[in-house]
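Colleague: Listed here are the chains, written in short residue letters.
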Amino acid sequence: MDDSVLIRTVDLVKVYPMGDQKLIALNKVNLILRKGEFAGLVGPSGSGKTTLLNIVGSLDVPTQGSAEVLGQKVETLSHKKAAELRNRHIGFIFQTFNLLPVYTVYENVEFPLLLLDLSATQRKKAVLDALEWVHLADRAKSKPPQLSGGESQRVAVARAMVKRPELVLADEPTANLDAENSHHILDTMEVLNRDLGTTFLFSTHDQKVIQHLHRKITLVDGRIAKDEIISAENQRERP
Amino acid sequence: MTILKLAVRNLLGGGMKSWLNAVVLSLAYVMIIWTQGLYQGMDQRVSRTMIDAAVGGGQYWVDGYDPYDPFTLQDAHLKVTGKLEEWTRSGDAAPVLIIQGTIYPNGRVQAALLKGIDPEQKVLMFPASFLKDPDNEIPALIGSRMAASTGLKTGDTVTVRWRDVHGTFDAQDLQIVRVMTTTVQTIDVGQIWVPLKKLEEMAGVENEATVVIVKKGLGQAADVPGWTFRDLDFLLQDIKQIVRSKTIGASIFYVFLLFLAMLAIFNTQVLSIFRRRKEIGTLMALGMTRGKVIALFTVEGALYAILAALIGAVYGIPLLAYFAAKGWALPAGTADSYGLALSEKLFPTYSAGLVIGTTVLVFIITTIVSFLPTKKIAALKPTEALRGKIS
Chain A
30 MDDSVLIRTV
40 DLVKVYPMGD
50 QKLIALNKVN
60 LILRKGEFAG
70 LVGPSGSGKT
80 TLLNIVGSLD
90 VPTQGSAEVL
100 GQKVETLSHK
110 KAAELRNRHI
120 GFIFQTFNLL
130 PVYTVYENVE
140 FPLLLLDLSA
150 TQRKKAVLDA
160 LEWVHLADRA
170 KSKPPQLSGG
180 ESQRVAVARA
190 MVKRPELVLA
200 DEPTANLDAE
210 NSHHILDTME
220 VLNRDLGTTF
230 LFSTHDQKVI
240 QHLHRKITLV
250 DGRIAKDEII
260 SAENQRERP
Chain B
54 MTILKLAVRN
64 LLGGGMKSWL
74 NAVVLSLAYV
84 MIIWTQGLYQ
94 GMDQRVSRTM
104 IDAAVGGGQY
114 WVDGYDPYDP
124 FTLQDAHLKV
134 TGKLEEWTRS
144 GDAAPVLIIQ
154 GTIYPNGRVQ
164 AALLKGIDPE
174 QKVLMFPASF
184 LKDPDNEIPA
194 LIGSRMAAST
204 GLKTGDTVTV
214 RWRDVHGTFD
224 AQDLQIVRVM
234 TTTVQTIDVG
244 QIWVPLKKLE
254 EMAGVENEAT
264 VVIVKKGLGQ
274 AADVPGWTFR
284 DLDFLLQDIK
294 QIVRSKTIGA
304 SIFYVFLLFL
314 AMLAIFNTQV
324 LSIFRRRKEI
334 GTLMALGMTR
344 GKVIALFTVE
354 GALYAILAAL
364 IGAVYGIPLL
374 AYFAAKGWAL
384 PAGTADSYGL
394 ALSEKLFPTY
404 SAGLVIGTTV
414 LVFIITTIVS
424 FLPTKKIAAL
434 KPTEALRGKI
444 S
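As they're listed, the protein sequences go chains A and B. Residues 30 to 268 in our numbering are what the first sequence spells out, letter by letter. Residues 54 to 444 in our numbering are what the second sequence spells out, letter by letter.
Be a bit skeptical, because a hint or two may be false.
If you want the footprint, here are the derived chain B segments under chain A, 3+ residues with CB under 8 Å [what the hints assert, rightly or not]:
1. 61 to 71
2. 431 to 439
For lysine-lysine, the following DSBU-like pairs were computed, each having C-alpha atoms within a straight-line distance of at most 35 Å [stated by the list, open to error]:
3. K51/A - K398/B
4. K109/A - K428/B
5. K110/A - K429/B
6. K136/B - K110/A
7. K153/A - K434/B
8. K109/A - K70/B
9. K299/B - K331/B
10. K109/A - K331/B
11. K434/B - K237/A
12. K268/B - K168/B
13. K170/A - K102/A
14. K293/B - K58/B
15. K331/B - K51/A
16. K64/A - K345/B
17. K57/A - K255/A
18. K172/A - K434/B
19. K57/A - K268/B
20. K170/A - K268/B
21. K102/A - K168/B
22. K255/A - K237/A
Don't read these hints as lab results, they were simulated from the structure. These numbers come from a predicted model, not from an experiment. The beta carbon of each residue, even a glycine, is placed where N, CA and C say it ideally should be.
Given these sequences and hints, build the entire structure.
Modeller: Take a look at the structure:
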C-alpha cells in the first residue's frame, strides 16, 4: 500500500439485520484517505456516515469488502488487535463528549496514556501539552460536570490527541455546541492537523463543520455520491 | 497496576454508594469474626475448665467401663497397681471409684452416682478437701445443680442405698458438707462425691478404682493391663461436638449477613454495567480490551472487600478488643442451657487464622460476585455500548 494512504476501503458493505428485513447501511464504498487530510463524511441521517466511521475506527466490522486502516485489515483483526489499533493509532471524538465522569480533566486526558503504559513523567508532559493545545491547562483539576459543553469537547479533543495518533475520528463533534464553541473547536483541530500532521475524519451534517473541511465526501443511502476537495479560497468564505 | 489504579479512582469517585456498600460489607466482616471468636473463646474456655475440674490430663478407665451404661458400673472397678499406683502415691494421679446408688432426699427417690475421691488429691481443681471433715462419718459434696434438683443444702443429711461388690444392698446416711458452685455439669448433675476410702469400705473393695485421672502433661504410661487410656481428644469429644453444632447454628446467621452484603455488591455491579454502558463503550473506543474492562469492573467490586476491611478495622478492632477484655454476658440463667461448662460471661478469642481466613473468604466471595455480572460486558458490542445499549 502507498505509504501516504491511511485508510482504504474496497467495496465495503455493511448490512444490519432488522427482523426479517435487512438494512444496507453501506453499499460498496470505495474510499482512500491519505495522511494529513482534514476530511468529512457528510450526508443526511441514515446515509451511513457513522457506520463507516465505526468500521474505519475498528469498532465494527464490514459484512463484505475490505477496510484497511494503517495497513491492517479491520475485518481480520481480533478484538484484542482491534483494541490495540485504537489504543495506539486512533483518537475518537464523540458528539456527547463521553468523558469519564468520576475523573478530573487531567485524568480523562491521561487515560489513553495509562493504557499505553507510559511512565508518569512522560504522561504528565503529554497531558499538559494536550491541555495547552486546547487552552484548558487551568481546568486540569475540574471534573466533567463542572465544565461547559465547549470545554467538555475541548477535553475530548485533548484526550484524542494526547497520544499523538495518526488518525482522529470525530462523530458529529459540534452537534451539542453553539456556533462560537463549534468554530473554536474546529479551529483547534485544524491547527493540530496543520502543526502535527494528524489526519482528521469527521462524520457530520453540520454546515459549520463542512465549512472547515478540506475534503467533503458525501454519502447518500450508503454510497459515496460525491467526493470533493475544497479549495482554500472556498474554506475562507466562512460567516 | 493500571487496572487497579483506575478501579480505585472509580470506587472513590462512586461517592456515597461506594461507602454504603463498604459499610454493609464491613458489618459482615465484624459480625463473622465476633461470632466465630465467641465460639472459639467458648471452646477454649470450656475445654480448659473441663481439663481443670473434670478430665485432667487424661484418664485410665477400667476395661468395660461405659459412663453412658450404668449396668457396667457393677463390675467396673479394679485394683490400682503398678505405674498407676506409683503416680497416685506421688500425687500425679487421682483414682475415682464410681458406684451406682439411690438417695432419698426429702422423701423422694432419686438415682445418684456415688463417686469416691481422695480428699488430698492435687490433680483436679476440685474442692475435695471439704471431704476431710473429721466430724462426719460420711461427708458428702454435691454441686449446685444437684442441690437444686434434690433440695439438699449444706448440713443436710440424706440416706443413700447401694449394692456392694457381692450384690448385697446396704444403706447409710450421708451429710452434705458443701454445695460447690461449678460450671462443669459433668462433676455435678446426679453425682455425690464422698471420700475414696469411705466409698471403698461401702463397696467392699480395697484400693480399687473405676477411673484414674492423671495430671496434665504427664503423658501416657505404657500399657497398663485391665485399663484403657482415654486422651483429651476422646474425653472432650462431646464438648467439641456441642461447640461445633453451636458454631454451625451461628454460621447460618453470618451466611445470611454475608448474603445480604453480596446482594448489595451484585446489585451495584449489575446497575453499574447497565448505567455505565456508554462509559464501557468509551473505554473500548479508547483502546481497552474487553478483558481489561471486565477486569476493571471485577477489581472495582473486589475493592469493596478491601475498603470494607479497612472500615471494619476502624470500628471493629476497638469493639472486638472490648469484648475480648470485658466479655459478653449471657442472659441471666442461660449459661446452663448450653449444656457446656459455661460461665455467665463469654470471652471471645480471635485467632490470626480466624481474622485472615474471614478476610480472605469475604474477599474471594466478593470478587466472584463482582465478576459474575461482568459477563454481560463480554457480549457487548462497542458501537452499541457507545449508543448506550446493552446487547
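Colleague: Between K153/A and K434/B, does the CA-CA distance stay at or below 35 Å?
Modeller: Holds. K153/A to K434/B sits at ~32 Å (cutoff 35 Å).
Colleague: If you draw a straight line from the CA of K51/A to the CA of K398/B, is it 35 Å or shorter?
Modeller: 76 Å, violated
Colleague: Examine the segment 431 to 439 of chain B for residues whose CB is less than 8 Å from any CB of chain A, and state whether their number is three or more.
Modeller: holds (count 4)
Colleague: Check the hint pairing K268/B with K168/B against an upper bound of 35 Å on the C-alpha distance.
Modeller: 19 Å, holds
Colleague: CA of K170/A to CA of K102/A, is that 35 Å or under?
Modeller: 39 Å, violated
Colleague: With the threshold set at 35 Å, check whether the alpha-carbon distance from K110/A to K429/B stays at or below it.
Modeller: Given that 35 Å is the threshold and the Cα spacing comes to 21 Å, the pair holds.
Colleague: Within a Cα-Cα threshold of 35 Å, do K64/A and K345/B meet the stated pairing?
Modeller: 31 Å, holds
Colleague: For the pair we were handed, K57/A and K268/B, check the Cα-Cα distance against 35 Å.
Modeller: At roughly 96 Å apart (the allowed maximum being 35 Å), K268/B and K57/A break the hint.
Colleague: Compare the distance between the alpha carbons of K255/A and K237/A with 35 Å, and conclude whether the hinted pair is satisfied.
Modeller: 19 Å, holds
Colleague: Hinted pair, alpha-carbon criterion (35 Å max): K331/B, K51/A. Please report holds or violated.
Modeller: 26 Å, holds
Colleague: Hint check: K434/B vs K237/A, CA-CA at most 35 Å. Holds or violated?
Modeller: 31 Å, holds
Colleague: For K57/A and K255/A, compute the direct alpha-carbon distance and say whether it is at most 35 Å.
Modeller: 14 Å, holds
Taken one by one, the earlier hints fail for this structure at numbers 3, 6, 9, 13, 14, 19, 20 and 21, listed in ascending order.
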